[in-house]
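Trainee: Please model the entire structure based on the sequences and the hints provided.
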Amino acid sequence: MSLKWYKDNLKRTLLTLGVILLVAVALGLAAEVWLRSAETAPEPDQAGLASIQAMLSLALASVRIVLPVVGALVAVPLLASRLFYKLHATKDLKEAHDSLNRIVFGKLGFGPYLLVKEGKIASGEDTPARRIGGPASLVVYNDTAIVTEQYGRLKRVLGAGFPQLERFEKVWEIIDLRPQHWVYEVFALTKEGIPISCEADILFKIDDRFQDAEGREQTKTPTSEAPYPYTEEAVLRAATSKWIREPDREDPRIAWTGRVVIGSVEGLLRNILAEYRLDWLIAPPQPDQKHPREEIRQRLEEGLQDGVRSVGAKILNVEIGAIEVKARDKEIAQQLSDIVSKQWVEAWHADWEARALASRVEGEAELLRMDMARIQAQAEMVVTLTDALQSTVVSQGAIEPYILALRFVEALRWMSYNTYTREFMPPEAMRTLRQLQALLGAEAGTPAEQR
Amino acid sequence: MEVQSPQERFAKYSRETIGGILHRPIGCYTLLLVLALIGLFALHVPLTTLLPRLNLTEFLPVLNILFAALFGWVLAGLGVCLLLYLWLKFKPAAVVVTLMLAILWGAGLARHVRGEGTLPIAGAVIFLLSLVAGGAVFLRGLYVVSGFLLPLPSKGHRDKVFSFLRDYISHVNFPAYVVVDELHEEDKVEERVPGNPFSRLTTSPGFILTGCDHAVAISDGLKFKGAKGPGVIFTGFSDQIVRTIDLRPQLRAFHVEALTKDGIKIRVLAFTPFKIDARGRQSRLGEPLPYNKGAAFRAIHAQKMEHEGGEKKQCSWDDLPRMIAKRTLQNIISEYNFDDLYGPYQPGGKPPRKVIAGRFYEQVAAELEPLGIQLIGAGISDLEPADPQVYVERVRSWQADWARKIMLKQAEGQAEWLRMVERARAEAQADLILNLGRQLEELSTARTELRPEVALNLLVSILDELMRQQPTLGRLVPGETLQALLGIRKAITE
Chain A
31 MSLKWYKDNL KRTLLTLGVI LLVAVALGLA AEVWLRSAET APEPDQAGLA SIQAMLSLAL
91 ASVRIVLPVV GALVAVPLLA SRLFYKLHAT KDLKEAHDSL NRIVFGKLGF GPYLLVKEGK
151 IASGEDTPAR RIGGPASLVV YNDTAIVTEQ YGRLKRVLGA GFPQLERFEK VWEIIDLRPQ
211 HWVYEVFALT KEGIPISCEA DILFKIDDRF QDAEGREQTK TPTSEAPYPY TEEAVLRAAT
271 SKWIREPDRE DPRIAWTGRV VIGSVEGLLR NILAEYRLDW LIAPPQPDQK HPREEIRQRL
331 EEGLQDGVRS VGAKILNVEI GAIEVKARDK EIAQQLSDIV SKQWVEAWHA DWEARALASR
391 VEGEAELLRM DMARIQAQAE MVVTLTDALQ STVVSQGAIE PYILALRFVE ALRWMSYNTY
451 TREFMPPEAM RTLRQLQALL GAEAGTPAEQ R
Chain B
5 MEVQSPQERF AKYSRETIGG ILHRPIGCYT LLLVLALIGL FALHVPLTTL LPRLNLTEFL
65 PVLNILFAAL FGWVLAGLGV CLLLYLWLKF KPAAVVVTLM LAILWGAGLA RHVRGEGTLP
125 IAGAVIFLLS LVAGGAVFLR GLYVVSGFLL PLPSKGHRDK VFSFLRDYIS HVNFPAYVVV
185 DELHEEDKVE ERVPGNPFSR LTTSPGFILT GCDHAVAISD GLKFKGAKGP GVIFTGFSDQ
245 IVRTIDLRPQ LRAFHVEALT KDGIKIRVLA FTPFKIDARG RQSRLGEPLP YNKGAAFRAI
305 HAQKMEHEGG EKKQCSWDDL PRMIAKRTLQ NIISEYNFDD LYGPYQPGGK PPRKVIAGRF
365 YEQVAAELEP LGIQLIGAGI SDLEPADPQV YVERVRSWQA DWARKIMLKQ AEGQAEWLRM
425 VERARAEAQA DLILNLGRQL EELSTARTEL RPEVALNLLV SILDELMRQQ PTLGRLVPGE
485 TLQALLGIRK AITE
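Sequence lines, in order, name chains A and B. For the first sequence, the working numbering gives the first residue as 31, with consecutive numbering after it. For the second sequence, the working numbering gives the first residue as 5, with consecutive numbering after it.
Because the hints were derived from the structure by calculation, they are not lab data. It cannot be assumed that every hint is accurate.
Example chain B residues on the side facing chain A (calculated, C-beta under 7 Å, incomplete) [stated by the list, open to error]:
1. 306
2. 380
3. 429
Only part of the chain A face toward chain B is listed, based on derived beta-carbon distances under 7 Å [to be verified]:
4. 61
5. 100
6. 131
7. 134
8. 136
9. 270
10. 298
11. 301
12. 431
13. 456
Once the Cα atoms are required to be at most 30 Å apart in a straight line, the calculated DSSO-like pairs of lysine-lysine come out as [as the list claims (entries may be wrong)]:
14. B:164 with A:221
15. A:116 with B:164
16. B:229 with A:200
17. A:37 with B:159
18. A:200 with B:93
19. A:116 with B:159
20. B:409 with A:320
21. B:229 with A:221
22. A:34 with B:159
23. A:272 with B:330
24. B:409 with A:372
25. B:159 with A:121
26. B:93 with A:272
27. B:308 with A:272
28. A:116 with B:413
29. A:360 with B:330
30. B:227 with A:320
31. B:308 with A:121
Even for Gly, the Cβ is constructed at its ideal location relative to N, Cα and C.
Mentor: Given below as structure tokens:
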């Protein structure tokens, strides 16, 4: 028990009530002594028990005289407490009296006190310190800051320690200084109006940036005493940025944390996503391009850094989750999911089919198909060459070996001039063809020259 | 209900009674006074026995008077404590004890009034003076305590509170209200001290207590007295709270259904954060949450009577942004075709939703400003078709686009196959030509003259050989071609 918590109350009580009573009793005693002295002669030789009896009799008689004063000293706090009880809705009259006494004379002991940690009142929620205010003690942990009010005004920002609440000073708002992590699903529409959803993963805290004497922005460093640094301005901003919503809502109050996430993140991310088409959001990145998600994440982080300052917050990290086609309506969401899943599978299948077709060319099975293609080509060749010879035989009527050989070589040359075939014709085959023509002494040029 | 063990119950009882005695004024001072009484007694007894032994009996009366004063002081203090305790905890016992003490005091007075004793008049006067002193202490005490009953920053209004306390004791006071931070308007004002706002007997004001985040609009029915507070607000004859004004930012979110220019119904969630206009002032320590009293007056007076199905009710000032915003948003959306709300083929610039949100904010802010309401920042969520089936259609359109892409991919595969066939054809021709080249080379090595008959024979034999090597070829080559080939061979041989 520390005397310092009692000193103020003792001093004030003794100097007011004590003095009033002492003066009253002294006057009453003087009057009683005077009245007694007029009635009987003093007995100075009384000693021992008789003396004590005389003294007590005198004391009680003097108290009897001042009973109206005693009554007044009872009536005043009693009546005032009765009004106080009604006005401040204390639990009972006794609590009202205790509170009023504390307000008038000061605290007796350390209590009442509020233990504030982890962003909330951990102990003392039902005490007069919470409902009426000070004088009272606070125990504030280093993970929490408090904004108080007094006389209908914002009073001060209190941090870790054992601050004392003044008369009628109340805790108005409590701010959790620890980093806050929220994962929030944002529903948005793509550029072409397709509903999508994306999880935003945000880590933020109360702002700890300040401007030094030279106007440069500095950040407070965490220490063992203040592991969660903050600025008073940021705490005040956070405390006064609470939004009040319709009373019938499930969440009728939106604190600063909610404003960061619902107010800033949701709106900003929705705006960013609306600039992208669905394929851009989900398609794999081009080799020289960032993944759209990373780009969106960066844009969101940059936008938030500025946006949340007004609510006293600072963004530590931003991540975004998978972007998927999703509507709020469950039935529609299911339909969309089915269509999109099916489409992705088809696209994937087509891609694989194309790759498989290409790879099959090099596969063993494909070699067989290649042989078939070759035989087919040979058959076409035989037909073409035979037709060429046959038409020569029919038109000439007689067999001229020279003409037939020349016709044969010409047909071969014509075939080799096919645009598609020529691409794959080896150069030595072409050389051989020219050589053969030279051997036969042909005068014919290329088909183009002949034309 | 939580079940407590006997130890816990004892600990709780101990904490609330003996353990907490030092923290409660009555308990603490009673304890101190009892200790003082014991101390005085312990000091007085040895002194009264010691002084005669030291032959200092002449000091005994003085000592007794001194101790009597101290004993009287302590006993009076104990009396105050015990009587107060009884009044606070056991009222019937307190009434009995108070009556007994009154009788005791009255008996003393009566004794002197009856003329008993040597100085009856003086005695009666002393008793009556004591009564006067008690009255003075009572009145002065109440006056002093009045300065501590309300959260007032200075003692300037102590007179008003004192007169209220006096009227409260006389039951002729005006009511006293406290504005609490409840959700519904009807729960926000608590009449903590009942009273009659039309009392003609009262000489004191009533009052309203609010926190730093609430003001109140007051009217006496004839005259609107304006927005007052936060803090302690004194009220006069027939003053009533018209309504409370929450000075914190308010957020109203609501769905708006609107028709586009081409007649498609859409649904959008709009939100309007606002507060009573503070002319740009920010919250600061040492001040209540900022607001402009003129703006509050305008906002309260803009509250309309709404008629719904034969019933009417007054809308609240914080409903105004919703009402105005709804109409404004419907007007804006009606200027757009449905497809323009998303701008899928818009090459750049702001997305239409952002443009609409910007216009929405500007127009609503402009309409609310004359009503004393400051729009902090309005916005809209996604512009959703009222019929969500539209989403399915959109996704189907997206799917069609993908189907085209898939076809392109498949066509690429087919093209690859065609290229492969052409390559095979070229290879077949090349084989034939190279084979021909090889045979010519052989003839050249054998120094055989290349006559046309030889060359023709060579060419036809290569075709024959090709037919022999590839039995499948025979099935593919038409019968007429085979016949023609045979004919040519025969003709060459002949």
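Trainee: Hint by hint, note whether the structure agrees.
Mentor: Okay, the hints, checked on the actual structure:
Hint status for residue 306 of chain B: violated, given a least beta-carbon distance of 19 Å to chain A, over 7 Å. The criterion of a C-beta within 7 Å of any C-beta in chain A is not met by residue 380 of chain B, whose closest approach is roughly 9 Å, and the hint is violated. Look at residue 429 of chain B: its Cβ gets to within about 4 Å of chain A, closer than 7 Å, so that hint holds up. For residue 61 of chain A, the shortest C-beta to C-beta distance to chain B is roughly 4 Å, which falls under 7 Å, so the interface hint holds.
The beta carbon of residue 100 of chain A is positioned within 7 Å of a beta carbon in chain B (closest approach about 5 Å), and the interface hint is therefore held. This hint holds: residue 131 of chain A has a C-beta 4 Å from the nearest C-beta of chain B, less than the 7 Å allowed. For residue 134 of chain A, the interface hint holds, since its Cβ comes within 7 Å of a Cβ in chain B; the closest pair sits about 5 Å apart. With its C-beta approaching chain B no nearer than about 10 Å, residue 136 of chain A sits outside the 7 Å limit, and its interface hint is violated.
For residue 270 of chain A, the interface hint holds, since its Cβ comes within 7 Å of a Cβ in chain B; the closest pair sits about 4 Å apart. Interface hint status for residue 298 of chain A: violated, as the beta-carbon distance to the closest one in chain B is roughly 11 Å, over 7 Å. With a least beta-carbon distance of about 6 Å to chain B, the hint placing residue 301 of chain A at the interface is held under the 7 Å criterion. About 4 Å separates the beta-carbon of residue 431 of chain A from the nearest beta-carbon of chain B, less than 7 Å, and the hint is met.
Interface restraint check: residue 456 of chain A against chain B, minimum CB-CB distance 5 Å, threshold 7 Å, status holds. Straight-line distance between C-alpha atoms of residue 164 of chain B and residue 221 of chain A comes to about 66 Å, which puts the hinted pair past the 30 Å bound. With a C-alpha separation of about 18 Å, the suggested pair residue 116 of chain A and residue 164 of chain B falls inside the 30 Å cut-off, and the hint holds. This hinted pair checks out: residue 229 of chain B and residue 200 of chain A have alpha carbons roughly 29 Å apart, not beyond 30 Å.
A hinted pair counts as satisfied when its Cα atoms are at most 30 Å apart, and residue 37 of chain A with residue 159 of chain B qualifies at roughly 24 Å. The straight-line distance between the Cα atoms of residue 200 of chain A and residue 93 of chain B is roughly 28 Å, inside the 30 Å bound, and the hint therefore holds. Under the criterion of a C-alpha separation no larger than 30 Å, the hint pairing residue 116 of chain A with residue 159 of chain B is consistent with the structure, at around 21 Å. In summary, the hint linking residue 409 of chain B to residue 320 of chain A is supported, as the alpha carbons are separated by about 23 Å, within the 30 Å threshold.
A distance of roughly 53 Å separates the Cα atoms of residue 229 of chain B and residue 221 of chain A; the hinted pair therefore is violated under the 30 Å criterion. Annotation: proposed proximity of residue 34 of chain A to residue 159 of chain B holds, straight-line Cα distance about 27 Å (limit 30 Å). The suggested pairing of residue 272 of chain A with residue 330 of chain B holds, with an alpha-carbon distance near 24 Å, which does not exceed 30 Å. In summary, the hint linking residue 409 of chain B to residue 372 of chain A is supported, as the alpha carbons are separated by about 15 Å, within the 30 Å threshold.
This hinted pair checks out: residue 159 of chain B and residue 121 of chain A have alpha carbons roughly 27 Å apart, not beyond 30 Å. Distance check on the hinted pair: residue 93 of chain B and residue 272 of chain A sit about 42 Å apart at the alpha-carbon level, beyond 30 Å; violated. Proposed proximity of residue 308 of chain B and residue 272 of chain A is supported: the alpha carbons are some 27 Å apart, at most 30 Å. For the proposed pair residue 116 of chain A and residue 413 of chain B, the alpha carbon gap of about 82 Å is over 30 Å, so the pair is violated.
Of the pairs offered as hints, the one joining residue 360 of chain A and residue 330 of chain B holds, with about 27 Å between alpha carbons and a cut-off of 30 Å not exceeded. Under the criterion of a C-alpha separation no larger than 30 Å, the hint pairing residue 227 of chain B with residue 320 of chain A is inconsistent with the structure, at around 67 Å. Distance hint between residue 308 of chain B and residue 121 of chain A is unfulfilled; the C-alpha atoms sit about 40 Å from each other, more than 30 Å.
In terms of the numbered hints stated before, the structure departs from hints 1, 2, 8, 10, 14, 21, 26, 28, 30, 31, listed from lowest to highest.
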